[in-house]
Amino acid sequence: DVQLVQSGAEVKKSGESLKISCKGSGYSFTSYWIGWVRQMPGRGLEWMALIYPDDSSTAYNPSFRGQVTISADKSISTAYLQWSSLKASDTAMYYCARFGGPRFSNWYFDVWGRGTLVTVSS
Amino acid sequence: QSVLTQTPSASGTPGQRVTISCSGSSSNIGSNTVNWYQQLPGTAPKLLIYNNNQRPSGVPDRFSGSKSGTSASLAISGLQSEDEADYYCAAWDDSLDGGIFGGGTKLTVL
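Line by line, the protein sequences are chains A and B.
For the first sequence, the working numbering gives the first residue as 6, with consecutive numbering after it.
For the second sequence, the working numbering gives the first residue as 3, with consecutive numbering after it.
Isolated chain A (complex conformation) (with noise of 0.2 Å):
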């Protein structure tokens, strides 16, 4: 099975560094891009940035670009996100998912994570 098994549940505090991840399965980790998706609490999907594994290039949306770093070692089939210092209004679940497209004209995901809830606190 096509799998991606997200980290654990995370509690910080505004100021701290935090890195997940998100660890690929069941297909060959090095031939898709990974992406990160945010929710805030009762909010809608935030397409966040995308690494393609095999050589790490990256696409970031502006929003984020210098907020977050996205990063991958294929050695171990795994993608992470990380802050260098967390803010509260990054309280959110975080969500990584495999794109599924030829292109990026034909963008989609088609297999996530169950997510990885991060809590910050002030």
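No lab work stands behind these hints, which were simulated from the structure alone.
Note that the Cβ used here is the ideal one computed from N, Cα and C, for glycine as well.
Possibly wrong hints are sitting among the right ones.
Sample of chain B residues at the chain A side, in silico, Cβ under 10 Å [said to hold, decoys possible]:
#1 T35
#2 N37
#3 L42
#4 N55
#5 W94
#6 L98
#7 F103
Away from chain B, derived, C-beta distances all over 12 Å, residues of chain A [said to hold, decoys possible]:
#8 K18
#9 S30
#10 G31
#11 S36
#12 S61
#13 S76
#14 S80
#15 I81
#16 S90
#17 S110
#18 T124
The hints should help you fit chain B onto chain A, whose structure is shown.
Chain B in isolation, oriented as in the chain A frame:
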């Protein structure tokens, strides 16, 4: 405010057909394909429609998608109680050079 506009809510009774719309622009829906996601309460989103009108395996044919110009629609026929969920449209945006989601439509089955 999302670049893709969806009506915030929709409703129908069991067995009915409902349509959810998604309005965009030439830089997103007008030039790229549309996909739709279903998010049941407390769960991760699930891909429902891709490439405007294609269903992944396992998605019932009660769900169908269409696109015309800079707008797209998701139709659900034979509405069932388990269809009560949030539905999001999405597309690549050439101006943003990234993906975008609609604001979501909360579907209530009365």
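We went through each hint and held it up to the structure:
Because the beta carbon of T35 of chain B sits about 5 Å from the nearest beta carbon in chain A, less than 10 Å, this interface hint is met. With 10 Å as the threshold, the beta carbon of N37 of chain B comes within range of chain A, its nearest partner Cβ sitting at about 4 Å, so the hint holds. Restraint check, L42 of chain B versus chain A: the minimum CB separation of about 12 Å is more than 10 Å; hint violated. Given the 10 Å rule on beta carbons, the hint for N55 of chain B is violated: about 12 Å separates it from the nearest Cβ of chain A.
A hinted interface residue such as W94 of chain B counts as satisfied when its beta carbon comes closer than 10 Å to some beta carbon of chain A; here the least separation is about 4 Å, so the hint holds. Hint status for L98 of chain B relative to chain A: holds, with the closest Cβ pair at about 7 Å, below 10 Å. With its C-beta approaching chain A no nearer than about 4 Å, F103 of chain B sits inside the 10 Å limit, and its interface hint holds. With a cut of 12 Å on Cβ distances, K18 of chain A stays outside the contact zone with chain B, its closest approach being about 26 Å.
The claim that S30 of chain A is not at the interface with chain B holds, since no C-beta of that chain comes within 12 Å of its own (minimum 16 Å). With a minimum CB-CB distance of about 15 Å to chain B, G31 of chain A clears the 12 Å threshold, and the non-interface call stands. With a closest Cβ-Cβ approach of about 18 Å to chain B, S36 of chain A is found to remain outside the 12 Å limit, as its non-interface label requires. No Cβ of chain B comes within 12 Å of the Cβ of S61 of chain A; the nearest lies about 17 Å off, and the non-interface call holds.
Distance check for S76 of chain A against chain B: the nearest CB is about 18 Å away, which clears 12 Å, and the non-interface claim stands. Every CB of chain B lies more than 12 Å from the CB of S80 of chain A, the least distance being 26 Å, so the non-interface label holds. Separation of I81 of chain A from chain B is adequate, the least Cβ-Cβ distance of about 22 Å exceeding the 12 Å criterion. With 12 Å as the threshold on Cβ separation, the claim that S90 of chain A sits away from chain B holds: the shortest Cβ distance comes to roughly 23 Å.
Remark: the non-interface label on S110 of chain A conflicts with the geometry, its nearest Cβ contact in chain B lying 5 Å away (cut-off 12 Å). Its beta-carbon lying about 16 Å from the closest one in chain B, T124 of chain A satisfies the requirement of being farther than 12 Å from that chain.
Of the hints listed earlier, those the structure fails to meet are numbers 3, 4 and 17, in rising order.
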